[in-house]
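Listed here are the chains, written in short residue letters.
2 protein chains.
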Amino acid sequence: MSAASSLRLPYAGRRALITGGLGFIGSNLARRLVELGARVTVVDSLIPEYGGNRRNLAGLAGRVRVHVADVRDWPRLPSLVRGQDYLFNLAGQTSHMDSMTDPQTDLDINGRAQLAILEACRAHNPGIRIVFASTRQIYGRPDYLPVDERHPLRPVDVNGINKLAGESYHLLYSRVHGLRSTALRLTNTIGPRMRVKDARQTFVGVWIRCLVEGRPFEVWGGEQRRDFTYVDDAVEAFLLAAARPEAVGEIFNLGGPRPVTLQRLAELLVELNHGGAFAVREFPADRKKIDIGDFYSDDRRIGRRLGWRPRTDLRTMLVRTLEYYRRELRHYV
Amino acid sequence: MSAASSLRLPYAGRRALITGGLGFIGSNLARRLVELGARVTVVDSLIPEYGGNRRNLAGLAGRVRVHVADVRDWPRLPSLVRGQDYLFNLAGQTSHMDSMTDPQTDLDINGRAQLAILEACRAHNPGIRIVFASTRQIYGRPDYLPVDERHPLRPVDVNGINKLAGESYHLLYSRVHGLRSTALRLTNTIGPRMRVKDARQTFVGVWIRCLVEGRPFEVWGGEQRRDFTYVDDAVEAFLLAAARPEAVGEIFNLGGPRPVTLQRLAELLVELNHGGAFAVREFPADRKKIDIGDFYSDDRRIGRRLGWRPRTDLRTMLVRTLEYYRRELRHYV
Chain A
1272 MSAASSLRLP YAGRRALITG GLGFIGSNLA RRLVELGARV TVVDSLIPEY
1322 GGNRRNLAGL AGRVRVHVAD VRDWPRLPSL VRGQDYLFNL AGQTSHMDSM
1372 TDPQTDLDIN GRAQLAILEA CRAHNPGIRI VFASTRQIYG RPDYLPVDER
1422 HPLRPVDVNG INKLAGESYH LLYSRVHGLR STALRLTNTI GPRMRVKDAR
1472 QTFVGVWIRC LVEGRPFEVW GGEQRRDFTY VDDAVEAFLL AAARPEAVGE
1522 IFNLGGPRPV TLQRLAELLV ELNHGGAFAV REFPADRKKI DIGDFYSDDR
1572 RIGRRLGWRP RTDLRTMLVR TLEYYRRELR HYV
Chain B
1272 MSAASSLRLP YAGRRALITG GLGFIGSNLA RRLVELGARV TVVDSLIPEY
1322 GGNRRNLAGL AGRVRVHVAD VRDWPRLPSL VRGQDYLFNL AGQTSHMDSM
1372 TDPQTDLDIN GRAQLAILEA CRAHNPGIRI VFASTRQIYG RPDYLPVDER
1422 HPLRPVDVNG INKLAGESYH LLYSRVHGLR STALRLTNTI GPRMRVKDAR
1472 QTFVGVWIRC LVEGRPFEVW GGEQRRDFTY VDDAVEAFLL AAARPEAVGE
1522 IFNLGGPRPV TLQRLAELLV ELNHGGAFAV REFPADRKKI DIGDFYSDDR
1572 RIGRRLGWRP RTDLRTMLVR TLEYYRRELR HYV
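Protein sequence lines correspond, in order, to chains A and B. Heads up: the first sequence runs through residues 1272 to 1604, numbered per my numbering. Heads up: the second sequence runs through residues 1272 to 1604, numbered per my numbering.
Next up, chain A with everything else stripped away, as it sits in the complex (with noise of 0.2 Å):
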């Protein structure tokens, strides 16, 4: 049985509540699930400077029930969480900039918030399955490389220590209140749906816009070395530790194929555009103080525990990228 085969068992006529549902990972997990025939519902708040784009589900209409509401909002919680077998947590702030400028909405969002979320689950639908998106950024600069889930924790920037408080949350509901959630420490996550505006989600985001649009994109240092997984990666992912009891209360890396600089990554984005221009630059002072260095995961627990791996190559999934959004920039700027 391949694996695509293997996880529409779990999910044929199963209801699936999404956060983030119309971010770049949450809209690709619900697509996915529409796949799999599964009762998708999704919870997005639009905030601009956020992930969520209408776009990303594009195509769906009727098939995905969608909730434009924010995970702040509680009272909205329980009906949203009530009857539902599956719980994809993925809501959350993600720029580590906005973390220091607004630290008070980073907290709200990936800490407050999931605490409601999961009050919500105890009190209203205590057997739900959960799955939280979790950061590589909670550990901070590394001690060693590739930094496995034994790593110490040191967040380098607000957003870091509020998604470590969410992620522990998470488990510990799991272990004193007998939720059953599982948290993946995602690394870059790159693919058709994410957000290119700005670099609020990814740099490689605003690296692709600016290729596509035939402009000089900007590299800051350049011989960090970091790694890249596929959407569609991340998403098997998710299906997987939900649908795997052995999976519950247990923490699980993402990584990628071969990490590269970000020197070589430009310089291969470049090639597969058949043109386009960047510049390396010195850090802006800012983002130095916060930047991690070198980062990449060691993912082979859950390779072990799960069956998972990173299945595209780098080349591969940079040329989806740039193919969606040659085709759909628009769309998203």
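Please note that a few of the clues may not be correct.
Treat identical chains as interchangeable: a pair holds within one or across any two.
Claimed, not checked - Once the Cα atoms are required to be at most 25 Å apart in a straight line, the calculated DMTMM-like pairs of lysine to aspartate or glutamate come out as:
| no. | residue 1 | residue 2 |
| --- | --- | --- |
| 1 | K1560 | E1390 |
| 2 | K1468 | E1306 |
| 3 | K1559 | E1517 |
| 4 | K1468 | D1503 |
| 5 | K1559 | E1521 |
| 6 | K1560 | E1517 |
| 7 | K1560 | E1521 |
| 8 | K1468 | E1594 |
| 9 | K1559 | D1373 |
| 10 | K1559 | E1390 |
| 11 | K1468 | E1538 |
| 12 | K1560 | D1341 |
| 13 | K1560 | D1503 |
| 14 | K1559 | E1306 |
| 15 | K1560 | E1320 |
| 16 | K1559 | E1494 |
| 17 | K1560 | D1379 |
| 18 | K1468 | D1356 |
| 19 | K1559 | E1594 |
No lab work stands behind these hints: they were computed from the structure.
Given chain A's structure and the hints, the job is docking chain B onto it.
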């Protein structure tokens, strides 16, 4: 020069703000600062479930400025921090059980309000020297004993998760924004002016109350080993940390004399009280889930770096605490 006289220099005539300053450690710190000639302002919410008690500053009328205010009341923060030389930031929700039944309130006080305090300092008094009262609770169940500052941070309850976020903000604001802050990770602290009405601050409080009232008390488990810091020693650590430039951006455990089992502590209290009784009981199920087992701190780092050590032996701290509550109990129950 004795430790006491060497501390006069940085504090005589200087202005110090203490959040949670009507509470247990905060009020003892306020008393010591007044002795050292500082101009002391305390802020306390006097929420009945927390540690604040006007009796704690008895005899200091006119010598300490008292604001009954909640650190969640952000608009008041700028005027409080402006012009201060020192901020001793001890306001917090301390009950582990309350954090599990009302997690949002714990987050509001131990997370959101901490960010608001730091933002107020950053905007209105960036030169202030800050010492934050953190807790051993952020370590969770120890991997090894004694627990040093490099031990992994795996809090076992909502209070621990939020206190970790609060501590992390303080160190981040030091590193990124140049605020000069230090975090002290307190273990069980006991002494005059602690909360004895119930176990919300420390289980020892309610034991002492029972002893003084001539009633038996309950020891849950009994075999857990713990260490205890006498409040005067903890106060000295706060004063040293704020006065010493090499403590900026640092984290230090506080510890106590040799750890004892809870059963032994109970026996010693009965002996020193010249009478009393206790029953050893199984841990209630809801508390067992968030219990950390044996815990005691390695406090050698603050010894090496700042010359601090716990000076008060266990018998002395228990005798002084019993004496205080034999005289003062009616103001605390």
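* Asked: Should K1559 paired with E1517 be assigned to within, between, both, or neither, using CA atoms and 25 Å as the limit?
  -> between (39 Å within a copy, 24 Å between copies)
* **Identical-chain pair category, K1560 with D1379, by Cα at 25 Å** => For K1560 and D1379, only the intra-copy Cα distance (23 Å) is at most 25 Å; the inter-copy one is 27 Å.
* Are the CA atoms of K1468 and D1503 at most 25 Å apart within a copy, between copies, both, or neither? -> Within one copy only: 21 Å inside a chain, 56 Å across chains, cut-off 25 Å.
* Within a copy, between copies, both or neither: where do K1468 and D1356 come within 25 Å Cα-Cα? -> Neither. Shortest intra-copy (34 Å) and inter-copy (44 Å) distances fail the 25 Å Cα cut-off.
* Asked: Should K1560 paired with D1503 be assigned to within, between, both, or neither, using CA atoms and 25 Å as the limit?
  -> neither (32 Å within a copy, 38 Å between copies)
* To do: Please work out whether the CA atoms of K1559 and E1306 approach to 25 Å or closer within one copy, between two copies, in both situations, or in neither?
  => Neither: 42 Å inside a copy, 44 Å across copies.
* Is it within, between, both, or neither for K1559 and D1373, if the alpha carbons may be no more than 25 Å apart? -> The answer is within: 18 Å in one copy meets 25 Å, while 38 Å across copies does not.
* Identical-chain pair category, K1468 with E1538, by Cα at 25 Å -> Result: close within a single copy only, 21 Å intra versus 67 Å inter.
* Asked: Is it within, between, both, or neither for K1559 and E1594, if the alpha carbons may be no more than 25 Å apart?
  -> Neither. Shortest intra-copy (32 Å) and inter-copy (55 Å) distances fail the 25 Å Cα cut-off.
* With 25 Å as the alpha-carbon cut-off, assign the pair K1560 and E1521 to within, between, both or neither. => between (31 Å within a copy, 17 Å between copies)
* Asked: Between copies, within a copy, both or neither: which fits K1468 and E1594 at Cα up to 25 Å?
  -> within (16 Å within a copy, 67 Å between copies)
* Status of E1517 relative to K1560 across identical chains (alpha carbons, at most 25 Å) -> between (39 Å within a copy, 21 Å between copies)
Checked against the numbered hints given earlier, this structure breaks hints 2, 12, 13, 14, 18 and 19; the rest are met.
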